[in-house]
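J.: The residues making up each chain are set out below.
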Amino acid sequence: MTDIVFTRRGFIKAGALGVLVLGTDISGAVAQAPGAAVELGAYLGIAEDGAVTIVSPASEMGQGAYDALARMVAEELECAWDSVSVRAPWADERFRNPLSKIQRTVNSETISGYYSPLRKVGAAAREMLISAAAQHWGVDPAGLTATQGRIAHAASGRSISYGQLAAAAAALPVPSEPKLKAAKDFKLIGKAIPRKDLSAKVFGTAEFGADIFEPGMLTAMLSLAPHPMCKITHVDSAKAQTMPGVIKIVPVDGGVAVIADNFWHARKASEAIVLEYEAAPTAELSDDVIADRFSKALIEVPGQTFPETDFSVFPPKMIQPDRPQVAKALESAASVLDMTYDVPHLAHAAMEPLVCSAKLTPEGLLVRGPLQAPEVSRQVAADIAALPLDKVRVEMTFLGGAFGRKWATDFVRIAVQAAIAMPGRMVRTMWTREQDFTMDQFRPAFRARIRAALSDTGEIAGMHSQITGPSIWRYQKKKQIPGMADPSVAAMLIYDRYKFPNKLMEFHEVELGIPAGYWRSVTLSQVAFFAESAIDEIAVATKQDAYTLRRNLLSGPGHGRLVAVMDKAAAMIGWENPRQPNVGRGIAIAYGADSFCAMAAEVEVTERMFNIRRLVCAFDCGRIIDPSSLEAQISGGIVFGLQATLWGEVPFADGRPQVQNFGEFRMPLISDIPPIDVHLVDSDHPPAGAGEASTPLVAPAICNAIAQANGTRIRRLPLSKSFDI
Amino acid sequence: MAQELNVNGRNRKLDGDGDMPLLWALRDLLHLTGAKYGCGIGLCGACTVHVNGEAVRACMMQLGDVPPGSRITTIEGLGTPDKPHPLQTAWIVEQVPQCGFCQTGMIMAAAALLKETPKPSESEIGGAISNICRCGTYSRVVKAIQRAAGQLSKA
Ligand code: FES
Ligand code: FES
Numbered sequence: 001m002t003d004i005v006f007t008r009r010g011f012i013k014a015g016a017l018g019v020l021v022l023g024t025d026i027s028g029a030v031a032q033a034p035g036a037a038v039e040l041g042a043y044l045g046i047a048e049d050g051a052v053t054i055v056s057p058a059s060e061m062g063q064g065a066y067d068a069l070a071r072m073v074a075e076e077l078e079c080a081w082d083s084v085s086v087r088a089p090w091a092d093e094r095f096r097n098p099l100s101k102i103q104r105t106v107n108s109e110t111i112s113g114y115y116s117p118l119r120k121v122g123a124a125a126r127e128m129l130i131s132a133a134a135q136h137w138g139v140d141p142a143g144l145t146a147t148q149g150r151i152a153h154a155a156s157g158r159s160i161s162y163g164q165l166a167a168a169a170a171a172l173p174v175p176s177e178p179k180l181k182a183a184k185d186f187k188l189i190g191k192a193i194p195r196k197d198l199s200a201k202v203f204g205t206a207e208f209g210a211d212i213f214e215p216g217m218l219t220a221m222l223s224l225a226p227h228p229m230c231k232i233t234h235v236d237s238a239k240a241q242t243m244p245g246v247i248k249i250v251p252v253d254g255g256v257a258v259i260a261d262n263f264w265h266a267r268k269a270s271e272a273i274v275l276e277y278e279a280a281p282t283a284e285l286s287d288d289v290i291a292d293r294f295s296k297a298l299i300e301v302p303g304q305t306f307p308e309t310d311f312s313v314f315p316p317k318m319i320q321p322d323r324p325q326v327a328k329a330l331e332s333a334a335s336v337l338d339m340t341y342d343v344p345h346l347a348h349a350a351m352e353p354l355v356c357s358a359k360l361t362p363e364g365l366l367v368r369g370p371l372q373a374p375e376v377s378r379q380v381a382a383d384i385a386a387l388p389l390d391k392v393r394v395e396m397t398f399l400g401g402a403f404g405r406k407w408a409t410d411f412v413r414i415a416v417q418a419a420i421a422m423p424g425r426m427v428r429t430m431w432t433r434e435q436d437f438t439m440d441q442f443r444p445a446f447r448a449r450i451r452a453a454l455s456d457t458g459e460i461a462g463m464h465s466q467i468t469g470p471s472i473w474r475y476q477k478k479k480q481i482p483g484m485a486d487p488s489v490a491a492m493l494i495y496d497r498y499k500f501p502n503k504l505m506e507f508h509e510v511e512l513g514i515p516a517g518y519w520r521s522v523t524l525s526q527v528a529f530f531a532e533s534a535i536d537e538i539a540v541a542t543k544q545d546a547y548t549l550r551r552n553l554l555s556g557p558g559h560g561r562l563v564a565v566m567d568k569a570a571a572m573i574g575w576e577n578p579r580q581p582n583v584g585r586g587i588a589i590a591y592g593a594d595s596f597c598a599m600a601a602e603v604e605v606t607e608r609m610f611n612i613r614r615l616v617c618a619f620d621c622g623r624i625i626d627p628s629s630l631e632a633q634i635s636g637g638i639v640f641g642l643q644a645t646l647w648g649e650v651p652f653a654d655g656r657p658q659v660q661n662f663g664e665f666r667m668p669l670i671s672d673i674p675p676i677d678v679h680l681v682d683s684d685h686p687p688a689g690a691g692e693a694s695t696p697l698v699a700p701a702i703c704n705a706i707a708q709a710n711g712t713r714i715r716r717l718p719l720s721k722s723f724d725i
Numbered sequence: 001m002a003q004e005l006n007v008n009g010r011n012r013k014l015d016g017d018g019d020m021p022l023l024w025a026l027r028d029l030l031h032l033t034g035a036k037y038g039c040g041i042g043l044c045g046a047c048t049v050h051v052n053g054e055a056v057r058a059c060m061m062q063l064g065d066v067p068p069g070s071r072i073t074t075i076e077g078l079g080t081p082d083k084p085h086p087l088q089t090a091w092i093v094e095q096v097p098q099c100g101f102c103q104t105g106m107i108m109a110a111a112a113l114l115k116e117t118p119k120p121s122e123s124e125i126g127g128a129i130s131n132i133c134r135c136g137t138y139s140r141v142v143k144a145i146q147r148a149a150g151q152l153s154k155a
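Protein chains in written order, with the UniProt record's numbering: chain A, 1 to 725; chain B, 1 to 155.
Among the hints, a few may not be true.
[Claimed, not checked] Using 27 Å as the maximum straight-line C-alpha spacing, the simulated DSSO-like pairs for lysine-lysine come out as follows:
id, chain 1, residue 1, chain 2, residue 2
1, A, K196, B, K13
2, B, K13, A, K268
3, A, K391, A, K101
4, A, K543, B, K115
[What the hints assert, rightly or not] Take a look, some chain A residues computed to stay more than 10 Å from chain B by CB distance:
id, residue
5, E127
6, H136
7, R158
8, I232
9, D236
10, P307
11, R449
12, T542
13, D567
14, N661
Worth flagging that the hints you see were computed from the coordinates, not collected in a lab. Note that the structure is a prediction, hence the values are computed from the model and not measured. We treat Cβ as the ideally placed atom computed from N, Cα and C, and that holds for glycine.
Construct the complete structure from the given sequences, taking the supplied hints into account.
T.: Structure follows, in structure tokens:
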């Protein structure tokens with residue numbers, strides 16, 4: 001099969017005739033008014049022999065983006081799936097996600113953002129190929145059909161391959177509103193087909209960040225101060241300079257990079273560096289100090305409110321809280337249930353430690369690595385190298401997991417700083433596992449205090465939910481929304497779909513100075529535990545069934561999909577079945593990124609031990625692109641959540657994270673995994689991202705089950721603080 | 001120091017420091033990048049290769065300690081798309097990999113297990129394989145091993 005060669009700008013190499021390359025600024029061009037100029041780029045190439053190359057605009061980090069996005073194109077193109085190969089993306093404005101208007105792979109927005117535009121790319125190419133065939137034979141295009149990479153003319157029995165038509169098709173105007181297939185005619189979307197990236201991953205040929213190689217390549221390892229904001233006052237590199245293989249030692253953000261001929265030489269020399277630095281802004285912090293500051297903040301720091309969304313109307317409407325009413329509800333309540341929950345700092349701990357490579361040549365700067373944020377990385381690299389943007393090329397390797405950490409660009413900055421000191425050489429900057437842990441941008445610790453006003457008949461008359469902790473947006477220097485609490489912390493502090501009056505959600509911000517970042521499921525990773533535990537506590541306090549209470553609170557319009565997954569999860573766990581002594585069942589629900597998820601757990605508790613007998617999950621993310629890949633995302637998200645529930649914690653002492661490696665950040669292993677059942681709900685709703693909503697529900701589902709089993713209410717994660725596990 | 005080893009069936013001279021971990025000798029000197037660096041201290045298994053038929057965490061074995069002439073098998077030598085190891089075939093059928101970073105080590109650990117225990121039970125698999133997968137592919141790993149061992153009906 002022909003390997004289509006793309007030039008640095010993404011166009012096919014001049015002279016490679018017989019190739020249709022179609023790609024557009026998919027955020028709009030295909031959908032623009034007829035006659036609007038369409039720039040030919042590089043989403044899709046068809047070679048003379050029929051080989052189809054599709055460039056995935058999104059990064060592949062395990063979630064199946066390459067395959068899912070390529071299938072959207074191929075489905076409409078009507079080519080043989082075997083003829084398709086998928087290419088890794090590079091940073092390019094034309095690859096911007098139409099939802100976020102930026103090229104990045106985050107927020108579960110890949111599937112939803114690219115679904116319609118990528119199908120249009122495939123459909124437009126199909127229509128161009130049909131037009132080319134019609135011209136070639138001098139027949140009416142209406143009599144032509146496209147299947148499996150060929151155009152057929154039924155009337156004459158003739159057929160011709162895409163490859164033979166590609167050159168002619170490329171010269172035709174790009175249709176602005178190509179006709180999309182009906183879902184019932186889908187041959188690829190919705191089917192379980194092994195992903196194309198699996199082969200390279202089982203034969204060891206997949207190229208991850210650290211796997212790039214070219215002759216003359218160098219490796220940089222870092223000696224870093226304990227906090228990225230520490231000011232370096234002195235560097236003693238005398239010993240390191242003389243060590244074998246060392247080529248250069250250069251200052252980078254927060255420390256120095258030791259550039260050597262290989263990893264081992266660079267690592268040994270980096271450990272011989274002695275850094276002196278000013279105290280870190282976090283120098284005084286320990287878990288006790290943090291807990292103290294949280295207690296104070298709940299009282300002393302004015303709360304920023306978070307509005308409630310009313311989903312019973314369409315489009316949903318924002319409701320601002322009415323403080324006096326909420327205060328009145330709490331004052332006049334028959335009883336007030338007062339609950340305080342804590343979650344710790346968490347690390348991302350992708351299996352692939354941070355790594356990024358760069359090479360400066362007279363032509364420009366090349367950056368290669370496992371990146372979630374290619375567009376921002378390109379800007380960052382251009383700024384450091386003082387080059388115009390069009391002289392900077394950023395290419396993605398496979399990502400060995402990311403979970404939000406590789407959205408940051410600190411490791412890209414450092415890699416570029418190291419590389420520009422060695423012009424002409426590719427410099428691969430690798431972080432140790434220990435640096436990956438200690439220099440993480442953590443999911444912050446949070447505390448929530450939730451007070452529910454209950455009537456004497458058990459109704460919820462109001463709820464004041466407060467959360468305290470650092471603002472992720474503040475650390476990430478993202479502009480806050482005026483008059484609204486940081487949504488990455490406070491959104492859905494109590495699910496707004498639960499219908500009861502007088503909700504007040506507030507965020508009491510504490511600036512800790514600890515690097516804070518986005519972690520799989522972001523706000524839900526903390527608030528799902530708070531919100532779904534609190535509802536459960538209310539059910540217990542008012543002697544209601546936890547599932548029935550949720551169902552009652554979700555009556556009314558706009559909640560059908562959420563109720564459906566909850567009903568399914570309850571049925572899967574056998575909610576109504578009799579329970580043995582010491583066995584409990586718990587349920588929890590969440591929605592996020594247009595996905596609806598319900599999880600139920602069954603546990604057995606004896607004293608300080610417990611055993612998770614089963615975890616079940618029902619998931620509705622609209623149209624399913626591939627059920628097997630989707631199930632992998634959801635069950636993988638459950639294992640991720642299980643780690644956080646059982647052991648996940650990065651304690652702080654003397655201002656430093658107390659986790660160095662997997663010894664202190666225990667991971668579940670094969671033998672720790674309980675039976676997990678996932679049920680997928682297929683529907684005609686537009687497809688949505690599925691990588692997040694299952695993760696945060698593991699903790700509340702298990703904790704609610706423990707409460708039912710023996711009455712122990714867990715208000716602090718991880719469970720290893722309360723049980724011997 | 002030059003160490004002579006048989007790597008994936010070929011005699012190779014590895015010219016590295018005696019204290020260089022075998023993992024880095026394979027990766028940086030021979031450009032066999034299938035074995036991964038995940039933790040560097042023997043905890044994750046991403047670097048698993050076979051030394052004289054036994055699964056070894058290559059980050060923990062110094063080049064100077066590898067007996068001269070040892071047979072090293074890495075994922076690149078276990079099988080190829082044309083001649084896959086049964087585990088590699090099963091791995092694709094069960095669609096195990098997500099990000100894929102841990103998978104080569106996982107497969108090498110599984111291959112060593114199957115040599116010792118051709119038909120492992122689920123708990124034998126759990127007892128023998130302590131590799132970490134952050135993506136959470138564990139239940140498919142178990143299925144794929146049992147499929148390769150002929151314990152699952154064809155599907
Ligand atoms: S890298 Fe060797 S065990 Fe983790
Ligand atoms: S597949 Fe990603 S770490 Fe295992």
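J.: Hey, K13 of chain B versus K268 of chain A, does the alpha-carbon distance stay inside 27 Å?
T.: 23 Å, holds
J.: May I ask you to check that I232 of chain A keeps its beta-carbon over 10 Å from the closest beta-carbon of chain B?
T.: For I232 of chain A, whose nearest Cβ neighbour in chain B is about 25 Å away, the distance exceeds 10 Å, so it holds.
J.: For T542 of chain A, which was marked as not at the interface, is the minimum beta-carbon distance to chain B over 10 Å?
T.: It holds; T542 of chain A is separated from chain B by about 36 Å at its closest Cβ, greater than 10 Å.
J.: Examine each Cβ of chain B, and state whether all of them lie more than 10 Å from the Cβ of N661 of chain A.
T.: Check fails; 5 Å does not lie beyond 10 Å.
J.: Does E127 of chain A clear chain B by more than 10 Å, comparing its Cβ with all Cβ atoms of that chain?
T.: Holds, because the least Cβ-Cβ distance between E127 of chain A and chain B comes to about 33 Å, which exceeds 10 Å.
J.: Would you mind confirming whether the straight-line C-alpha gap from K196 of chain A to K13 of chain B stays at or under 27 Å?
T.: Violated: K196 of chain A and K13 of chain B sit about 35 Å apart, past 27 Å.
J.: Is the claim that R449 of chain A lies outside the interface with chain B correct, judged by CB distances over 10 Å?
T.: 32 Å, holds
J.: Over 10 Å to the closest beta carbon of chain B is the bar; see if H136 of chain A clears it.
T.: 37 Å, holds
J.: Would you check the hint for K543 of chain A and K115 of chain B, treating anything up to 27 Å between C-alpha atoms as holding?
T.: 56 Å, violated
J.: For the pair supplied as a hint, K391 of chain A and K101 of chain A, confirm whether the alpha-carbon distance does not exceed 27 Å.
T.: Holds. K391 of chain A to K101 of chain A sits at ~22 Å (cutoff 27 Å).
J.: Would the least Cβ to Cβ distance between P307 of chain A and chain B come out above 10 Å?
T.: Given that every Cβ of chain B is farther than 10 Å from that of P307 of chain A, nearest at about 34 Å, it holds.
J.: Per the stated criterion, does the least C-beta distance between D236 of chain A and chain B lie above 10 Å, as a non-interface residue requires?
T.: 23 Å, holds
Hint compliance for this structure: hints 1, 4 and 14 are not met, and every other hint is.
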